[in-house]
Structures are given as C-alpha cells and as structure tokens.
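*Asks:* Heads up: the sequence lines are chains A and B, in that order.
Count the first sequence with the numbering used here and you get residues 1 to 106, in order.
Count the second sequence with the numbering used here and you get residues 1001 to 1161, in order.
It cannot be assumed that every hint is accurate.
No more than 35 Å apart at the CA atoms, straight line, and that leaves these computed lysine-lysine pairs for DSBU-like [claimed, not checked]: (1) B:1054 to A:52; (2) B:1054 to B:1075; (3) B:1097 to B:1054; (4) A:10 to A:47; (5) B:1075 to B:1097; (6) B:1054 to A:10; (7) A:52 to A:10; (8) A:10 to B:1097; (9) B:1097 to A:52; (10) A:47 to B:1054; (11) A:47 to B:1097; (12) A:47 to B:1075.
Source of the hints: derived by calculation from the structure; they are not laboratory data.
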Amino acid sequence: MTRALVNVPKTATRGEIIEIRAMIAHPMETGYREGVNGARIPRNIIKRFVCKYEGEEIFSADLFPAIAANPFISFTTTATVSGTITFEWTDDQGEMQTASATITVT
Amino acid sequence: MKRRDPATFHRLNRRDLLLAGAAGVFVFAVPVRALTRPSLAAAILAFTGDAPVKESGVHFEIAPLVENGNAVPVKIDVDSPMTADNHVRRIALLTEKNPQADVAIFHLGARAGRAQVATRIRLATSQVVVALAELSDGSYVISRANVVVTIAACIEDLSDE
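One chain only, chain B, in its complex shape (with noise of 0.2 Å):
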C-alpha cells in the first residue's frame, strides 16, 4: 500500500472539514420552526380531516391594525341555533405564521345556547388568523383574517420578565 504524502494528506483532510463545516452550518442554518410548523392549510386540514369547509357563517372579531402581538383580542360568534340536533361542536383558532399553528381549540355543546367565544391570543408577526367551527352535523365553517401587527410576541420580547 502507498503512503501517503504528509502534505496531500493534510490538505485532503483540511478540504474534507472545511466541506463538513460548510454543510453544517447550511444545515443549521434552515429554521428549525419552519421546518417543524405545519403551514395553514395543512392545519386546516388536520382539523377538517378533508371534509368540505364553507366561507360563512363565522362572524371572527379581531382588529385589523394590532399594536401589541403580546394579547389580542379575538371574539368568535357561529351562526347556530344550538339545539341539540344542530350545534357546534368545536371552534379552532389558527395561525398563519406564529411558531404553532394552534392557538386554541374550544369544545361546545347544545348547552352553550350560543355559540360565542373570546380569548386573547398572542400573534408573533403580521399574518392570517382563522377561526374554523365544527357544527354537528360534520360540516365545518370559517373564516379569515388579515392582521397587521407593529409589536410582535413570541420570540424577541423580553420587556415582561
């Protein structure tokens, strides 16, 4: 077998780590949450399980203009008469762009007599959020909205430690 040159070798081996470093810091370069986050569509599906989703019926209060991420309001009013035959089920708050898709999920009955719920959710930029209802009978309503957001949460605020 031929030994190899000293110097070839090391310049083998420098080239080898300078590649490895390279693909490293590619790979650790790629967000993680982006790779980790289902997108909306896909969390719209996860909820729906590819049932037919119509565009009305969902009144989703939310400003349009939001100041602070860190606690926005949201107000969500199903059209519904609530009986026990006729009823939502369960009501789903979505991101388009915060680190999860989730925000919250809201399980309802007859009993609710109206279908209302409220929170304050945090939004980490500028996005779509949509509220999505399950009625009783399988069939599922929604609705979106675009946010602007000019303080972002989430991520770089450290001001409520």
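The following block holds chain A by itself, in its conformation from the complex (with noise of 0.2 Å):
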C-alpha cells in the first residue's frame, strides 16, 4: 500500500478534546466498475481503520465500497497522557498500512 497521512495536535492539555484525521492514499476500487474491455474491475478497498492511543482502541471505522477513493476520516478523542496515536487500515487482500503520531499532554 502507498502513503499515510496522519493529523494530530502536538500539545493538548489534560482532557482536552482533541480533533485528529487521518487519510491514506487508496484507490478504493468498489467491484462495480467494468474496465473498457467489459470486464469486472476486483473490488479492492481499505474495510477497517483503527485508532489506538497508546495501545487502547479508542476509534474503529467498517468501510464499504461507497467511501472515496483516497479515505479521509476525522474524528475527537479526549487527550489523557503524553504518547503515541497509533493508525492502522486494513485492505481486502489482509494487508495492513500503519502510521503513528506522538501528543504531549500537559
């Protein structure tokens, strides 16, 4: 798979909200789709994103073929201790890309 981009504030105070995207390049290929010569393009796309703050789940994501190409996906989180966010998306083919951030929280 191909680049992350991840987006995280690097300082945040203690329960503060914290707003973070994500993206990663994908084409997202939903298996709807016919190719000039009628056929079928495979479906290929990214079908579970995940989010973990030093190691604990704190947001999951099910994808379907009708998100985008290129997934973005922001969400909150409350900010609790200094560390790293850790971003995983899996693809049809099992394939796992992973990003991470580091935050510290004052």
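From the two separate chains plus the hints, produce the assembled complex.
*Replies:* Shown next, in the form of structure tokens:
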C-alpha cells in the first residue's frame, strides 16, 4: 500500500478534546465498475480502520465501497497522557498499513 | 412407440429453444444489484435490530446538491454528553440507492469526548442518505438527508483510471 497522512495536535492539555484526521492514498476500487474490455474490475478497498491511543483502541471504522477514494476520516478523542497514537488501515487482501503520531499532554 | 415426424420434431425443438431463450433473457434482464441490495428500511432494521428510532439529536451535514458523486463530504454530530454511562457507541452511514446500503460504521466510545465524525463518500445517484447512531442505553437516533447528484459515482465513471 501507499502513503498515509495523519493529523494530530502536537500538544494538548489533559482532558482536552482533540480532533484527529487520517487519510490514506488508496483507489477504493468498488468492484462495480467495468474496464474497457467490459470485464469487471475486482473489488479492492480498505475495509477496516483502527486508531489506538497508547495501545488502547479509541476509534474504529468498518468501511464499504461507498467510501471515496483516498479515504479520509476525522474524529475526536480526549487527551489523557503523553504518548503515541497509532493508526491501522486493513485492505481486502488483509494487508495492513500503519502510521503513528506523538502527542505531549500537559 | 410412434416415431416423430422429423418436421414436427424440429419445430417443437425450435419452439422450446425460443422459449428457453426468452426465459433466459428475462432472467438476466432483472438487475442483479436490485435483487441483492437490501432496501434502506431493511438496512436500518439490520443496524437497529427493531429497537425504536428517534428522529432527533443527529446533526447531519451533507450538501443538498452535489456536483460530483465521487467524493461527497459528510459530517455527523450527535447530541451526547459522551460520559461513561451516556455516550454514542456506533454511527452508521446508509444510502438508499447505492449498489450497497452500507457506507461506513464508526465505533466510538466515551473517550471520544464528542460524537463527531467526518468522511467523504460516494453517491451513485440522487437519493436519501441516512446517519444513524446507537447510544449506550441501546436506543437509536437518526437523521435523513435528500441529496441531488449531478455526476454519479461508482458505476459508469472511468475518468480517474
């Protein structure tokens, strides 16, 4: 898979609600389209997205072909401790792409 | 046993063949997608499991007129204090006329602080889009939006190949 882009505030105060945005480069091929020769283009999508804060799952999503190419998801979480926020995208082949960001909580 | 006259035999065979052919054409003419896709009501029921659904408390931001169905920004905001005993557990996005009813299911928790998610979706045609949230007490809230799409996504578009 390819490039992932995540946006997490570098610093936050304890208890602050922060917005997290995540995007990954992926065609999200629906499986409903036909190529030039009339043959159906096989489905290839990211079907699962998981976000963990210091190892604890804080947000996840089940995605279907109706999610636009280069899936973008934004959500919120409460800043609790300084640490790492990790992101995982899993596609139809079971291949996983990860990204991470660090946050300092004061 | 009486032997069939070759001419009759031939005619019968041909008629059978034509009938079979016509039946075949009819079967394949019924759109496969229309048969496999559940209705919006069925998709809502599959998510809620027959629990009562309230038509309030969900702020669903989606443009009423969309030029490009390939990437339609949506934002869902559910009224909830997001505490341990009163929060949003799941948010589903469902469509009325896309090849599949499901668009996404988001799993949240009290830690989210706010029940707010945003993404970009595909719309195959003008239709009703639904944002449905499951609360921690097992009840459901819903918001429906009518969207008119001028350039459809998913099916015929090959421009981004």
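*Asks:* Does each hint fit the structure? Answer for all of them.
*Replies:* Hint check:
1. B:1054 to A:52: holds (31 Å)
2. B:1054 to B:1075: The given pair, whose Cα atoms are some 19 Å apart, holds under the 35 Å limit.
3. B:1097 to B:1054: holds (23 Å)
4. A:10 to A:47: holds (28 Å)
5. B:1075 to B:1097: holds (20 Å)
6. B:1054 to A:10: Status violated; Cα separation ~39 Å.
7. A:52 to A:10: Holds. Residue 52 of chain A to residue 10 of chain A sits at ~16 Å (cutoff 35 Å).
8. A:10 to B:1097: Outside the cut-off at roughly 41 Å; violated.
9. B:1097 to A:52: holds (34 Å)
10. A:47 to B:1054: holds (29 Å)
11. A:47 to B:1097: Cα-Cα ~20 Å, so holds.
12. A:47 to B:1075: Measuring from Cα to Cα gives roughly 20 Å; hence the hint holds.
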